[in-house]
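Taken in sequence, the protein lines are chains A and B.
Here my numbering is used: the first residue of the first sequence is 1, the next is one more, and so on.
Here my numbering is used: the first residue of the second sequence is 1001, the next is one more, and so on.
It is worth saying that the hints were derived from the structure and are not from the lab.
Predicted model, so just to flag it, every value in this text is computed and none were measured.
Misleading hints may appear alongside valid ones.
Straight line, CA to CA, 25 Å or less: simulated SDA-like cross-link-like pairs of lysine to any residue [as the list claims (entries may be wrong)]:
id, chain 1, residue 1, chain 2, residue 2
1, B, 1044, A, 53
2, A, 131, B, 1023
3, B, 1009, A, 142
4, A, 50, A, 211
Chain A is nowhere near these chain B residues, computed Cβ spacing over 10 Å in every case [said to hold, decoys possible]:
id, residue
5, 1017
6, 1036
7, 1051
8, 1059
9, 1072
10, 1094
11, 1100
12, 1101
13, 1107
14, 1123
15, 1126
16, 1127
Cβ atoms here follow ideal geometry from the backbone N, Cα and C, with glycine treated the same way.
Now for the letters of each chain:
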Amino acid sequence: MLVSFIEGVGSKTIGTFSSFYEALKFTSICVIHMLNPRSYNPAMRVILTKQIYFTAIQIIPLFIMLAVFFGSIIIGVVISLATEYKLQDEIGSIIITFTMDEFSPFFTALLISLRSGTAVNTEIAVMKVNKELNTLNQYKINLINYLFLPRIIGGMISITSLSILFAFIMLMSGFVFSMFYMNMDFHTYKYLLINAIEVSDVLTLLFKSLAFGFVIMIIPIYSGLKTMQSYTAIPISVLNGMVKLFIAIFLIEVLSLLI
Amino acid sequence: MQSFVDAQKESILISKDTPLISNLDMCENISLIKEVHHLISTTKAKALAMEYLKKLSLEDIGFKRPTQCDDTQKFYVMFIRALMCDVSTVIILDPSRLINTLKDIKVIIENIEVLSEKSVIILDTFSNKVHYKGCLCHTIK
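With the hints as constraints, model all of the structure from the sequences given.
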């Protein structure tokens, strides 16, 4: 009884570590390909353009609506709390830190992972089940260069640009609330933000968005690749991929707080 | 059949296991090979693909996805895609499984001759012998 329990724990641990090692290996291979200029061919560039269009451009109207709605509510709460606790002097750095370092990249990552992460996971899983990946292998088309890199790079570019857009909309909403709560005019608000913003805030926004973009694409791709050869395995693959993706997003968020 | 296919170097296989890519249109399925292996621009590669489709009067399916086309059209696109590779031989495995409605393979062979100067090997089972009646191609049992 005890032996079988220990065996069970051991085999689960080995399984977890070996799958983690495999995922890490896949990630490093993708990074190596990303840095190699020979990975970039005309077909890859077409897919990259399409990917940026689907991930960043197509979503813009909905994204702006959500950014105005959620961004205004959140920034409103932050400003009203800051006023309540007599933190008006620190309002500039509170708005900048909250908007640029935390909320914009995180919210964008959640939104894009729900929209594009699931799409990419399903797409790769369907291609695997339909033997389309086999076709690409037969025709000696590198899966990483043609299929995965455009999605990863597209995701990184899209999430970074959408995060910047989200931060901009949130800062604009911040002005509306500061006008009502503190009777602040636009020039005062603008100088408050300019004085509060630091290079580290911009770098945090960029690096966090790039990291989110990377995991939002690579985890669904890897999950799609691991799909079994049956249509019923596709929803399971998407489900597993999304759970792992959300864990990774929260992990990045926690890590960024620690750094 | 598989051992024969494996033994053929410098060849490309057309079979049920090498379907068309469903998120690309027919033209893109063909042009992809040239774009990746010869680094030809997308516009030029697509023009070349269209040229081949025109030879079979299939230019109207160029911008359609595989799900919008019938088996015969898909087969021709798969064949043209194979011609884009730098290989001397194209192997077609079990055409009756690729084209469910296939009755007479003569038309297919005639169109293959129009398209290709490469050597084409069709591998089929003995039970499908009836489809090849009257064909001028060499038959090896």
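Taking the hints in turn, this is what the structure says about them:
1. 1044/B with 53/A: holds, 23 Å
2. 131/A with 1023/B: Distance of about 13 Å is within 25 Å: holds.
3. 1009/B with 142/A: holds, 19 Å
4. 50/A with 211/A: Distance ~21 Å between residue 50/A and residue 211/A Cα, so the pair holds.
5. 1017: violated, 5 Å
6. 1036: violated, 5 Å
7. 1051: Given a closest Cβ separation of 18 Å, the condition holds.
8. 1059: Per Cβ check, residue 1059/B is outside 10 Å of chain A; nearest 21 Å; holds.
9. 1072: holds, 19 Å
10. 1094: The claim holds: residue 1094/B sits with its nearest Cβ about 15 Å from chain A, beyond 10 Å.
11. 1100: holds, 17 Å
12. 1101: Given that every Cβ of chain A is farther than 10 Å from that of residue 1101/B, nearest at about 21 Å, it holds.
13. 1107: holds, 25 Å
14. 1123: Label holds. Min Cβ-Cβ 15 Å, cutoff 10 Å.
15. 1126: holds, 26 Å
16. 1127: Check passes; 24 Å lies beyond 10 Å.
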